[in-house]
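**Q** Sequences listed follow chains Z and R, in order. The first sequence begins at 1 in UniProt numbering and counts up by one. The second sequence begins at 1 in UniProt numbering and counts up by one.
These aren't lab readings, by the way, just hints derived from the structure by calculation. Careful, some of the hints might be misleading.
Stated by the list, open to error - Ranges of calculated distance between the beta carbons of each label pair, as one might list FRET restraints:
#1 R:D226 x Z:G123: 51 to 61 angstroms
#2 Z:S231 x R:I38: 31 to 41 angstroms
#3 R:R120 x Z:H342: 23 to 33 angstroms
For each residue, glycine too, the CB sits at the ideal point set by N, CA and C.
2 protein chains.
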Amino acid sequence: MTKIFDKPEEFAATGLRAFNHIFQDVVRPVAGGALRAISGRKGKVTLLVGGGSGHYPTFCGYVGEGFADAVVMGDVFASPSTKSVLDIARIAHCGGGIVMGFGNYAGDNLNFGIAAERLRAEGIDTRIVTTTDDVASAPSDAHRKRRGVAGDIVVFKIMGAAADDGIDIDGVEKIGWLANDQTRSFGVAFDGCTLPGESDKLFHVAEGRMALGLGIHGEPGIAEMDFAKPSEIARLMFERVVGEAPVSSSRVAVVLNGFGSTKLEELFVLWAELEPLFSAKGLTIVAPLVGEYATSLDMAGCSLTVTWLDETLERYWRAPVNSPALRRPLIETEWVPMNAQHVERVEPTYAVEPSAVGRAAGACVGKALEALASALAEAEERLGKIDAAAGDGDHGQGMARGSSAAAEAAKKAVAAGAGPETVLAAAADAWAERAGGTSGALWGEGLRAFSSELDDAATPTAHALRQGVRRMYERITQIGKAKPGDKTIVDALAPFVETFESALGDGQPLVKAWQRAAEAAEAAAQATKDLMPGLGRAKTHGKASLGHPDAGAISMALSAEVIGSFLSTKISK
Amino acid sequence: MTKIFDKPEEFAATGLRAFNHIFQDVVRPVAGGALRAISGRKGKVTLLVGGGSGHYPTFCGYVGEGFADAVVMGDVFASPSTKSVLDIARIAHCGGGIVMGFGNYAGDNLNFGIAAERLRAEGIDTRIVTTTDDVASAPSDAHRKRRGVAGDIVVFKIMGAAADDGIDIDGVEKIGWLANDQTRSFGVAFDGCTLPGESDKLFHVAEGRMALGLGIHGEPGIAEMDFAKPSEIARLMFERVVGEAPVSSSRVAVVLNGFGSTKLEELFVLWAELEPLFSAKGLTIVAPLVGEYATSLDMAGCSLTVTWLDETLERYWRAPVNSPALRRPLIETEWVPMNAQHVERVEPTYAVEPSAVGRAAGACVGKALEALASALAEAEERLGKIDAAAGDGDHGQGMARGSSAAAEAAKKAVAAGAGPETVLAAAADAWAERAGGTSGALWGEGLRAFSSELDDAATPTAHALRQGVRRMYERITQIGKAKPGDKTIVDALAPFVETFESALGDGQPLVKAWQRAAEAAEAAAQATKDLMPGLGRAKTHGKASLGHPDAGAISMALSAEVIGSFLSTKISK
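Take these sequences, add in the hints, and give me the full structure.
**A** Below is the structure:
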């Protein structure tokens, strides 16, 4: 809800005063509105726009080079007075006559209309172009009787560019009406807005519902329905707007507008569904806008605006503009449809190992990672439950996702003929990338450190594996900064490494040594569990989540068969 | 709340894909992030920024000329993976080394940190600058341990401009740390955000309260208090931030940032309180930003960021930039404090009437308007109550405000020595301006039409008054499009005009004729009241509120003494 205000009746005027301070690189203050910081060229047509407050950046954000010369602002949701329009028109007039642009609402028609009459009586040629883009507000055969909504930005931008280009008043008026007649908008509301000083919303949309065609001052919509998926919302808006295509042009300016509380990342998600509909219909999008352009205080919802362009309209839509709402240089880009965009990426490459020994050893690493992934997939639910007690319950998912990605990457590397170091390094990177979170990064780094002890051209020796697990342990504790006893994977890794080393030192064979190490890790994980459930460190920003001892124990508990396969690669040589 | 999403886990990736489509005039897609549409000059330092999603335009909006070369985006509120950082860094590297910019959070430190290590191992000089501007997150003597919030935009913008300016990697890193060390932010939260797919907010701020220093992922704040007026919120944020001034520079970049649901017009209202505090402290604001720069989905609240500038930082802060979040040419403007800004306005001028007769007659019009204003002031409450039954209850206020402004304007015109036409025209304009709404515009236009029948050099004749009220009636019905019987002021004006005309036609004296006309208006207003309470037309957009018959009757019911004074002006000649 609208919270920041002192005297509600001064909300609009106070905001306007601040606006004129904030944007003084492009605007300067005039009583009741704003002017361009530097007036337009003498003799040019003056574009004067305006309407009620509460819709920022409509209308005051539209003043600047390549856009409006002046704006007249009314109170929240109220037309500016005739006198304001008149006063500002007289100050702003550059000599070439005035075109007034505003949305088609009774109060604005009245006040701008009277002011235009009086300006004409004073000898100033004054024309009016009203925006009437809201398809929900009247039938298609009464287009010019409709309300003006987010179409404002397209129609006024095009008129402003034409006026700055030196087009005369007949021309600017004609271009303005053409732009309006080729513009259609349709909005869906998810919730109403709160006027400053009011404790309740001006209007409501029931939870879980959405109102189609509801106006930006709460004017009644045309229907209500259950809240839908982005694909359905996109199709619904697209069909309403594009279904009424006023001309056959295949080039369109498109505005996806948020009403206030629907955020830009949500609009992006909607755009991902919306844009393909244009491509499929053979429509080329030109310089689209996705953001907040015609808001209604903190109203939730969004609207789609489409303007069918001819060559002139497109030139002026692409023209440079420098206003608070829209700043951009001349746009020369041709938009490529989303599906046709080239996405740069680094494709993984694997050093191919020339020796058969090395390739066979690589395959053994791949098999070990596969075993590890299936053990963690089996443990996913259990790890999730343990994590849920202290964290957000996603540790099982993360470990399963990471190890599965690692096994997948290892498989690819093995297929490409890579040796053990390369296979394990590829797996390490994939684990970190897909597991996400801090524990994913730790596992990735740990396995990568492990891999550095392997030799692509050779079967891993017991010594290399001993060095590998030690390096892994060191890297994880170095980055994660956890010590044994912190109830992290380190609690399982530490006894594993120590047992493995001492067993090998005692002359035990590799398989046996690994199994004993795995048992030690499992015992340590059990012991930790008795002390406290779940993760030892809170999963909040600023404190790393370093994974659960159980996950460490499960990961290291590879079967004798798997570990044994490292030895058997010697035979297969 | 966050409503538009399909699969919550794909929210960030889908949004990023759309982002890369929408802004293809400045960016191009890379797996996991975005690159500049046109790569930076070969050999320049590469600025790579990144962090979690959910904070748009932080971070992906920061890619473009004069800003970052590339961005790496994580999932909602999660660090990007080491692999993403690495892959994008390798693609984006222009040859002059890489400076990584990100907020100081554990996950980002880990993933960017590991990637930086590996890049260095590959021979790419890689530096890290973390933003640590949030004063609420650690004591002032541990500035570099703090969290990074909206300071990102200032620190990264300055680094990006320096890198594009050809500064080497040591220089860019140094400027980045300097910018960070001279940047402080403090935020207040009014309510939490909703993660896509969650039915409840991630955190809550109790209704009517505000949380000081609450982080943009819900990290605990430092205090909570009752929601305050804009002046108090402004002072509170200002003191926290400026109270920690790290250097004595008097020139500051300032960002007033909305978290998501706190709208720009509210931020403007806050700015009106905030800006004078800077002036009072002798601080000169340079190219301020007020808008949404570091959001937290739909979180409510705002933050203040101040960067103390030296000459170098200011040059790069003012440098041109063309990114989705910030597009502006080189800023050369020197900001003038709000109170010192010249506000253009049209000062009313009155034609001074040379004849004493005219001036005396002007004074009589002034007296009539004074009587009218006091009658409407007296009736304010009654009219408000009538209006409340069908409209928003402000009709009494509007009439009182309008007529009082009219009397005031008339008084000034009389003091300036204006004749009756000028006095009434001045009053008419003032009424329309101050009353607001449709009925204000109608009264203004009506009185203005009336004034056109008066002669500045002469005492109004009975004929002129008869023509005047008729013209007033005609103008009001012409503009308002109401007919008798529509239960508007026309219902009172119509019998007034007819009775006045016929009484004068019958040879009755002016005072008598006016009184009879006023009685007829009053009777008509009473009759209308029996038919229905309140205003005849709904006070909604699209249907004009044309005022209540009572208001018409009261307005026209001037006393015999007032009306008589028009006659007596003959004597005072």
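**Q** Now, for every hint given, state plainly whether the structure supports it.
**A** Structure-based check of all given hints:
no., hint, result
1, R:D226 x Z:G123: 51 to 61 angstroms, "holds, 57 angstroms"
2, Z:S231 x R:I38: 31 to 41 angstroms, "holds, 33 angstroms"
3, R:R120 x Z:H342: 23 to 33 angstroms, "holds, 30 angstroms"
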